[in-house]
Amino acid sequence: MIPFDLSYHRPDSVEEAVATYRRLERDGRRPLYYGGGTEIITMARLGQVRTGAGVDLKGVPECGIVERRNGSLLLGAGLTLAEVCERGGWAPLADAAGRVADHTSRCKITLGGNLAGQIPYREAVLPLLLVDTVAVVAGEPGLRRERLADVFRATLRLPPGDFLAQLEVPLHEADGPHFAVKRTRLDWVDYPLMTVVGVRAGGRARIAFSGLCGYPFRDAAMERDLNAGRIQDAIGHIPGPVADDLHGSADYRRHVLAGVLQDALEVLRA
Amino acid sequence: MRRDELALDVNGEACRVLARGADTLLEVLRGQLGLTGAKPGCENGDCGACTVIVDGAPIKSCMMLAQEAAGRRVRTVEGLAGTAAQQAFVERFAFQCGYCTSGFLMVAQALCEAHPGADEARMLEWLRSNICRCTGYEEIRAAVRDAVARAKAPAVQGTEPVASASRQG
Chain A
0 MIPFDLSYHR PDSVEEAVAT YRRLERDGRR PLYYGGGTEI ITMARLGQVR
50 TGAGVDLKGV PECGIVERRN GSLLLGAGLT LAEVCERGGW APLADAAGRV
100 ADHTSRCKIT LGGNLAGQIP YREAVLPLLL VDTVAVVAGE PGLRRERLAD
150 VFRATLRLPP GDFLAQLEVP LHEADGPHFA VKRTRLDWVD YPLMTVVGVR
200 AGGRARIAFS GLCGYPFRDA AMERDLNAGR IQDAIGHIPG PVADDLHGSA
250 DYRRHVLAGV LQDALEVLRA
Chain B
0 MRRDELALDV NGEACRVLAR GADTLLEVLR GQLGLTGAKP GCENGDCGAC
50 TVIVDGAPIK SCMMLAQEAA GRRVRTVEGL AGTAAQQAFV ERFAFQCGYC
100 TSGFLMVAQA LCEAHPGADE ARMLEWLRSN ICRCTGYEEI RAAVRDAVAR
150 AKAPAVQGTE PVASASRQG
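Protein chains in written order, with numbering that gives the first Met the number 0: chain A, 0 to 269; chain B, 0 to 168.
Only chain A is shown next, with the shape it has when bound in the complex:
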């Protein structure tokens, strides 16, 4: 049971969503935008988040779109991960999103919720970081376009009251095979020891990681080493402290990563 009251709001346009959020914020209700809600419900029940209002974005039409436009794929941030897998039309994203949680949970977790969540893995962002994805952000003046790489740095960083409405993926950039692997400690359904997603673009491998550090990342120095076949050098360039927790020690993660990168390069350089 969630041990406090919250009001539920379901706007049906971008403008109404932003206005509702701002009104609730002015009223001191500490609103949260609500996608699938799995993380909000879980954390609220445990007392780890407290909000007076949820603004559900599932009724905003722009958030439910799946559309191909001029070689790009436009995905609404309100699509569930199951919909992204079934209808999304981009294999690297389907493979990464398809290993988040379990199937039933993926029928509720949204693409935007996965990127904006507090749980650090956010695996759905990995393929999106490998191409020059555009984030369509909703705010007071309406929708605006920003590079995902500018608004997603370890976490999604948007001004209060703004929300991620859509993602525009330039499919033509990734022109070769792709690679997506999630390693867990034991069970198929678990948080990742690591998730590694790669694409080939312009003859070079691009690779992004989750579970390795406390945030998902893509790193230029690691990619340089990997494209030169220097796996151990790439591991030496991991850009932050390697996670050392119940899922696996830092040394074990580095050991597993070496094998995963070997597999990745075999696929991406084939």
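Heads up, some of the hints might be wrong.
Claimed, not checked - Not everything, but these chain B residues come out facing chain A in the computed CB check (under 8 Å): (1) 0; (2) 19; (3) 57; (4) 63; (5) 64.
FYI, nobody ran anything at the bench for these hints, they're computed from the structure. In this text, a Cβ means the ideal position worked out from N, Cα and C, and glycines have one as well.
Starting from the known structure of chain A, fit chain B onto it as the hints suggest.
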């Protein structure tokens, strides 16, 4: 504590309940409508014992606010009477203590309707959403295999396909 009236469509019946904004669908189904087939297990989205079907998709009802369900079609295990999935679970003895059974049944039913004749990989992927603490997985898988095979099979005279049968409940 403020409660608002909420209109829900559960197992094809229009229902009115009084719910807090923070009440989960699981709490309302059990506490307000007396539909106790959806079980509270972990209440953390892990075990799947509370699974229901919402607009055709399996959903863990502990992870959905009751307010989110307004305007959507909710089905619980009480609405599955006479389905091939239910029959297959009986024939295969796909339960021990039975606490997880309704959740597994709802996943099986949703799978039969969304992907009749689903292959083994898809079936296993869907079933990974649920946990059986008695570890009766082999019987459960056998039952779901039977159910999805029947869902694909053309209706024999005098019987109905799973998807149609499921709407009788």
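(request) Give me the numbers of the hints this structure contradicts, sorted from smallest to largest. (result) As far as the earlier hints go, not one is violated by this structure.
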